[in-house]
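Q: Each chain, letter by letter, is given below.
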Amino acid sequence: MPENRIKSLINELKDKVKDDLKVLKLIDEIESSWIEQHSLVSDGEEKLQSILNNVYEGIITINSKGIIDSFNLAAENIFGYEKDEVIGKNVKILMPEPYHSEHDGYLLNYMNGGKAKVIGIGREVSGRRKNGTTFPLFLAVTNTNNKGQPLFVGMVRDLSEQKRLEKLKNEFVSTVSHELRTPLTSIRGSLSLIDGGAVGEVSDKIKPLIEIALNNSERLILLINDILDMEKIESGEMDFEFEKVDINEMIEEAILSNQGYAKEHNVNLTFENKIEKTFINVDINRLQQVLSNLISNAIKYSPKNETVLLSIEKNKRQVTISIYDKGVGIPDSFKKRIFQKFAQADSSNKKKGGTGLGLNISKAIIEKFNGEIGFFSPKNEGTTFYFNLPISSEINTSNNLLSEPRGKVLVVEDEHDIATLIKMILEKENLDCDIAYSIEEARNYLKNNIYDVMTLDVLFPEEDGITWLEEIRKNESLKDLAVIIISAKAISSSEGNKSVELSIIDWINKPINEDHLISSLNKVIQLNKDKKSKILHIEDDLDIAHLVNILTKDIADITLVTSNKDTLIELEKEVSYDLILLDMMLSDGSVDELIPRIKKFNPQTPIVLFSAKEVDFTIKKQVVKALVKSRTSNALLVETIKNIIK
Amino acid sequence: MKDINKILYIEDELDIQAITKIALCDIGGFTLEICSSGKEEIQKISSFNPDLILIDVMMPEMDGPETLIELKKIKGMESIPVIFMTAKVQKQEITYYKSLGAINVISKPFDPMNLAQQIKNILQ
Chain A
-11 MPENRIKSLI NELKDKVKDD LKVLKLIDEI ESSWIEQHSL VSDGEEKLQS ILNNVYEGII
49 TINSKGIIDS FNLAAENIFG YEKDEVIGKN VKILMPEPYH SEHDGYLLNY MNGGKAKVIG
109 IGREVSGRRK NGTTFPLFLA VTNTNNKGQP LFVGMVRDLS EQKRLEKLKN EFVSTVSHEL
169 RTPLTSIRGS LSLIDGGAVG EVSDKIKPLI EIALNNSERL ILLINDILDM EKIESGEMDF
229 EFEKVDINEM IEEAILSNQG YAKEHNVNLT FENKIEKTFI NVDINRLQQV LSNLISNAIK
289 YSPKNETVLL SIEKNKRQVT ISIYDKGVGI PDSFKKRIFQ KFAQADSSNK KKGGTGLGLN
349 ISKAIIEKFN GEIGFFSPKN EGTTFYFNLP ISSEINTSNN LLSEPRGKVL VVEDEHDIAT
409 LIKMILEKEN LDCDIAYSIE EARNYLKNNI YDVMTLDVLF PEEDGITWLE EIRKNESLKD
469 LAVIIISAKA ISSSEGNKSV ELSIIDWINK PINEDHLISS LNKVIQLNKD KKSKILHIED
529 DLDIAHLVNI LTKDIADITL VTSNKDTLIE LEKEVSYDLI LLDMMLSDGS VDELIPRIKK
589 FNPQTPIVLF SAKEVDFTIK KQVVKALVKS RTSNALLVET IKNIIK
Chain B
233 MKDINKILYI EDELDIQAIT KIALCDIGGF TLEICSSGKE EIQKISSFNP DLILIDVMMP
293 EMDGPETLIE LKKIKGMESI PVIFMTAKVQ KQEITYYKSL GAINVISKPF DPMNLAQQIK
353 NILQ
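Chains as they are written, first to last, in my numbering: chain A, -11 to 634; chain B, 233 to 356.
Okay, the calculated beta carbon distance ranges per label pair: (1) Ser279/B - Glu149/A: 55 to 65 Å; (2) Glu167/A - Asp343/B: 18 to 28 Å; (3) Gln356/B - Glu159/A: 31 to 41 Å; (4) Asn256/A - Glu302/B: 53 to 63 Å; (5) Asp343/B - Glu581/A: 47 to 57 Å; (6) Glu159/A - Glu302/B: 21 to 31 Å; (7) Arg111/A - Pro292/B: 35 to 45 Å; (8) Arg325/A - Lys305/B: 54 to 64 Å.
Calculated lysine to aspartate or glutamate pairs in the EDC-like style (CA-CA distance at most 16 Å, straight line): (9) Lys118/A - Glu73/A; (10) Lys320/B - Glu219/A; (11) Lys323/B - Glu229/A; (12) Lys356/A - Glu231/A; (13) Lys351/A - Glu222/A; (14) Lys320/B - Glu225/A; (15) Lys323/B - Asp217/A; (16) Lys522/A - Asp542/A; (17) Lys617/A - Asp529/A; (18) Lys220/A - Glu325/B; (19) Lys320/B - Asp227/A; (20) Lys320/B - Glu167/A; (21) Lys323/B - Asp271/A; (22) Lys320/B - Asp217/A; (23) Lys323/B - Glu231/A; (24) Lys320/B - Glu159/A; (25) Lys323/B - Asp227/A; (26) Lys2/A - Glu19/A; (27) Lys323/B - Glu225/A.
Simulated from the structure, these hints should not be mistaken for lab results. The beta-carbon is built from N, C-alpha and C at its ideal position, and this holds for glycine as well.
Input sequences plus hints: build the corresponding full structure.
A: Okay, structure coming up:
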């Protein structure tokens, strides 16, 4: 109710009761209390308005239809509109295309429960001023309610000046770096000629000085290269040419190009384990830059005559590349800063010739590849730097990357065209697939992987497929592997009998009938899904055993053993487990010795450690995952188990 | 590819000229003709009759790519191999130089002790 109306009502009332002094007094009291309250409210409003008009950021509020209902002074300055020109108009007038046309859609989508693009997040967008120019702006929107109606509060900050300065800085860095190279070319060139004896003998007194100058000019060149790289990454101008490559090849190439450096430092450089062909989507040169950076760091800090070890681990989605050195490790105080620019543990490291930018650049590059980089360096146990990269499918079907494959198939086929055809059929069905072009290759794949199905051609130049199948059926872990024969040869009656004996699911003749193959595969995969997985849990704490049992009862059958002794008895039974969950410390001693035994009996079964304390790297390397009890939630444990036995 | 004896070298920095001269003449055993700007070079080229042309990219008057384009217009020059020497060696820059007809690029700073060998390797 407006203020005047209330005042006139009060006067009317006073007039009516003018003879009753008591009532009049009461009305007076009500009036003065109202005046007091009213002035408080209007003081508050005035104060709020004054705050709104004096904040640096533009503040604009709109309703659910996008109509502007307030516009502060800073917003007026940013956009060049007077408040009265925009209130009541759609907020689109402040936006250039494509936001201008799309804004109603965003709002409607959000009001209907869609995903917020800026609300609650804040991001960089473009704005349009009254004079039609566009400019970069930071926009953060929050959603609130006013009298039951949704109200959106937008905070805007003009980024034009900041962007201009960034651009200037980048141009400056780029120009300076290029300009620095010209004199450096002369300095380094002259020194190199003197040092190389191109202009005559150099005396023994002068030679070390020339070398100092030469080494330092080389360091300066590296530094300039790194600064340029960093500037390019920061300004988004670094070009990445993505292509699909086998990670093994990348590691081998990196080892080759750093072998000389390792020799100079008397360090062995070893690639521990090649894995099956696995494709990643990267810029080859940039990946080599990261590998060289991590390998040369490891070499620099490795003790002489020790080994720097590279290894790859693979799971369904990603590969992890680790570089391990036995050096002094990273001081705790430095761990937090290690990926920062110009970060080096102490000045003595400068002698090792680094620029202090390598890890910062490596991190930026790996993140561009959608990977992650990190390290662990337990006291006195050396350092492992690792990074992981998402696995890419060999044939470029981006859809496949979106959903988890339904199963994994090994295709054993010596004819390349047919193998590719089968692979395409499988990938269309969202099945992951490896191709073995010979029985020898198939043996290797089976040794290192677990498959839901194997398709097998029977005619190979070197060996007969059926004979080989008879052989692998004797192997405990392969005796139940589903096998589909794909062959140009029709099934003979003797093979028909063997089919049953060898548990061959289906016999498909070439040319391949796609529907037939898919329906056979689907049957097997459904069967595998219905089958519960088998877990061997080695644990002496019965409470934990009970908990794990409850958590996983829907997905797995658990066999529990509580001591080293019982574990050995259980292993002798040669049951094929899908996962072994292992506590490191049992009542009858540590299980260090147990891991090789488990590996001997169940070479393909993944082992997950679930222990009270962190284990060291040598043990970690032998298992797929090492979980620490106190740091593992129930959800993480179940998730880990599910991911592995899936 | 035929043996390379005479190299025409276009570079505006006198210091770098001096270093390259030692690298290519004293160490590499080539005959070198040096000039400092694009225009001067165009006039010289027919009389010197080089087997190879080395061009710096960043030059004040006429830059490397412009020089190369001019060169290719001169009769008989189309077939003389050109190598750029430059500090600007980003991937797209190299692609650009090659698209102009350069056979390769030597990045600066180069090592003069190896420059002659580097050129021989490129030509092989």
